[in-house]
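K.L.:
Top line first, the protein sequences correspond to chains A and B.
Quick note on the working numbering: the first sequence kicks off at 1 and runs consecutively.
Quick note on the working numbering: the second sequence kicks off at 1 and runs consecutively.
Bear in mind the hints are in silico, worked out from the structure with no lab data behind them.
The beta carbon of each residue, even a glycine, is placed where N, CA and C say it ideally should be.
Take these hints with a grain of salt, some might be off.
As a list, the in silico DSS-like pairs of lysine-lysine whose alpha-carbon atoms are at most 30 Å apart [as the list claims (entries may be wrong)]:
hint, chain 1, residue 1, chain 2, residue 2
1, B, K90, A, K91
2, A, K141, A, K195
3, B, K90, A, K55
4, A, K101, A, K13
5, B, K14, B, K90
6, A, K91, B, K12
7, A, K91, A, K195
8, A, K55, A, K8
9, A, K101, A, K8
10, B, K46, A, K15
11, A, K141, A, K55
12, B, K98, B, K46
13, A, K101, A, K15
14, B, K98, B, K12
15, B, K98, A, K13
16, B, K12, B, K90
17, B, K98, A, K91
18, A, K13, A, K141
Chain B is nowhere near these chain A residues, computed Cβ spacing over 12 Å in every case [as the list claims (entries may be wrong)]:
hint, residue
19, L7
20, V25
21, M30
22, L68
23, R82
24, A181
Chain residues, written in single-letter form:
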Amino acid sequence: MDFINVLKMEFLKLKRSYVWLLMCVAPLLMVVFGAYNFVRYQDVFLQGDAVPWQKLLGQIVTFYGLLLLPLSIAVMAVWLARIEHSENNWKHLFTLPLNLKAIYLAKTIIHILLVGISMLILYLGTIIAANIVNVGDIPLKAMAINSLICWATCLPILALQMLLSIRFSNIGIPVGISLAASITSVVITNSAYGKYYFWSLPSLTLMPNSEGMRNLTIPYSLSVSIIAFMCLWIIGYTLFRRQEV
Amino acid sequence: MFRHVLTAEWMKLKNNWVVFPVLMAPLLILLLQYANFRIRYSSVVKEGDIPWTVFIEQHSVIWAVLILPVLSALLSSMLIMTENSDNNWKYLLVLPIKRGEVYFAKMALVVLFLIISSIILGGGMVISSIILNLPGEIPITQLLQTLSAALIGAFAVLMIQFWLSIRFNNPGIPLAVAICGTVSAIFLLQSAFTRWLPWVYPYLVLPIRLNENINISWYMFQSLLVGLLCLLAGFREFARRDI
């Protein structure tokens with residue numbers, strides 16, 4: 001019961017501020033621009049035996065997975081932590097008869113759910129775009145699985161950003177690190193080391209099979225991400241507990 | 001008086017980690033491109049290309065499209081955030097200084113940091129080229145032209161971000177706009193139809209070969225015009241706001 005209340009409290013904080021719209025707008029923007037780009041350069045993309053839906057999906061998810069998704073996770077984390085940093089709300093929060101673990105866990109869960117909304121909108125948006133552009137049948141099930149795995153691979157990034165945003169009240173550090181990591185991932189994803197770099201995993205999992213998932217199996221990406229997430233979460237929580245506010 | 005306000009703003013930045021993004025951004029690009037030129041030199045520099053031209057292009061494209069817009073948003077947010085938290089505006093504005101002075105002092109610092117960042121990038125490129133043994137004279141004019149063009153192109157974005165940061169207490173909103181705008185720019189700059197959006201200007205003003213059939217000075221003018229309009233609108237809004 002206690003934990004449910006903390007979650008409800010976090011939801012209330014979210015309600016009146018419109019930053020969560022970012023998680024809806026970001027995937028929609030990419031769907032619209034990706035589909036538009038696909039229509040414009042259709043002749044170039046569909047040379048040879050290219051599969052239309054794979055090309056369309058590639059257009060939509062390339063920059064979403066590489067740049068926009070990690071960056072929007074960073075901005076959301078900054079914002080979730082910012083509510084408490086501003087006006088010194090941590091002090092008020094800590095005087096409540098609440099478990100510190102519950103507070104940290106509630107923030108993480110809200111963050112995970114927001115990323116989930118993003119994935120859902122990306123999935124639905126891609127299906128709608130595919131119908132409008134008319135690329136024929138798309139494998140709905142495989143795409144849904146990819147989106148779910150992508151959600152899981154976002155977890156370590158999410159935990160790291162949460163840790164940084166809560167640790168430093170300055171927004172320059174979490175956003176700066178996220179920007180650096182995302183731009184580096186543009187280079188690393190195209191190399192053989194992509195599967196060892198956490199920022200590359202979301203875009204590799206989202207890519208249709210022919211282009212992405214280069215020797216990246218589902219069990220590998222799931223286990224690596226979840227283990228990394230657990231470690232980062234525990235480190236984050238330990239730092240949070242010791243933090244002087 | 002303006003100098004005093006500027007000094008005061010400068011003092012606030014101590015222990016504020018503002019140096020972190022200012023240094024990190026150019027260093028990141030330098031490292032990435034150093035690795036790019038070291039490992040893939042033969043595929044980056046094709047036959048008949050002037051190595052330095054390619055070198056400048058490779059740096060400036062990522063710099064202008066991805067880094068400058070986000071960096072200007074981040075710096076504006078960081079400088080303005082110190083006032084937004086704990087309602088510091090009230091204390092600041094009771095001092096016998098004009099609102100305009102506060103506004104322009106903050107803006108001057110953001111611009112200064114962007115210039116410093118560009119200088120670090122330029123200097124770093126020279127050093128990196130020496131380590132890489134890049135053949136040919138260092139084209140100082142071309143380097144300066146490209147870097148200052150990118151700054152002029154980012155002017156519009158900077159003014160929009162500054163306005164947004166000062167308008168909204170929450171740094172999430174300007175940052176969200178910045179990242180959406182920046183990533184969309186990758187798509188937007190491909191079609192002539194959407195080239196009026198400010199996030200595209202930093203790329204379109206670059207004097208590089210890809211922009212050969214684009215009227216660079218027109219986009220510089222457009223960037224300055226949009227920037228000035230946003231500057232005036234933002235200032236007007238700030239001067240009249242009930243804080």
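K.L.:
Now tell me if each hint is right for this structure.
P.N.:
These are the hints, each one checked on the structure:
Pair hint B:K90 plus A:K91 holds up; C-alpha atoms about 22 Å apart against a cutoff of 30 Å. The hinted pair formed by A:K141 and A:K195 meets the criterion: a straight-line CA distance of about 23 Å does not exceed 30 Å. A hinted pair counts as satisfied when its Cα atoms are at most 30 Å apart, and B:K90 with A:K55 does not qualify at roughly 54 Å. Restraint check: the Cα-Cα separation between A:K101 and A:K13 comes to about 18 Å, which is no more than 30 Å; the hinted pair holds.
With a C-alpha separation of about 21 Å, the suggested pairing of B:K14 with B:K90 holds against the 30 Å cut-off. Distance restraint check for A:K91 and B:K12: the Cα-Cα separation of roughly 24 Å lies within the 30 Å cut-off, and the hinted pair is therefore satisfied. A threshold of 30 Å between alpha carbons decides the hint, and for A:K91 with A:K195 the separation of about 41 Å lies outside it, so the pair is violated. Simply put, A:K55 and A:K8 have alpha-carbon atoms about 41 Å apart, too far for the 30 Å limit, and the pair is violated.
Among the hinted pairs, A:K101 with A:K8 is consistent with the structure: their alpha-carbon atoms are about 15 Å apart, no more than 30 Å. Between B:K46 and A:K15 the CA atoms are separated by roughly 54 Å; this puts the pair beyond 30 Å, and the hint is violated. Proximity of A:K141 to A:K55 is assessed by CA-CA distance (about 18 Å); at most 30 Å being required, the pair is judged to hold. Annotation: proposed proximity of B:K98 to B:K46 is violated, straight-line Cα distance about 56 Å (limit 30 Å).
For the suggested pair A:K101 and A:K15, the alpha carbons sit about 23 Å apart, so the restraint of at most 30 Å is met. This hinted pair checks out: B:K98 and B:K12 have alpha carbons roughly 18 Å apart, not beyond 30 Å. At roughly 35 Å between alpha-carbon atoms, B:K98 and A:K13 are farther apart than 30 Å, so this suggested pair is violated. Restraint check for B:K12 and B:K90: satisfied, since their Cα atoms lie roughly 16 Å apart, inside the 30 Å limit.
As the CA atoms of B:K98 and A:K91 are separated by approximately 34 Å, the hinted pair breaks the 30 Å bound. With a C-alpha separation of about 35 Å, the suggested pairing of A:K13 with A:K141 is violated against the 30 Å cut-off. Distance check on A:L7: its Cβ is at least 20 Å (rounded) from any Cβ of chain B, clearing the 12 Å threshold; non-interface status holds. At the 12 Å boundary, the C-beta of A:V25 falls inside the reach of chain B, the nearest C-beta of that chain being 6 Å off.
Not every CB of chain B lies more than 12 Å from the CB of A:M30, the least distance being 7 Å, so the non-interface label is violated. In this structure A:L68 is not separated from chain B by more than 12 Å, as the shortest Cβ-Cβ distance comes to only about 4 Å. With a least CB separation of 6 Å from chain B, A:R82 falls inside the 12 Å interface cut-off, contrary to its annotation. Distance check for A:A181 against chain B: the nearest CB is about 10 Å away, which does not clear 12 Å, and the non-interface claim fails.
Figure legend: structure checked against the earlier numbered hints; hints not met, in rising order: 3, 7, 8, 10, 12, 15, 17, 18, 20, 21, 22, 23, 24.
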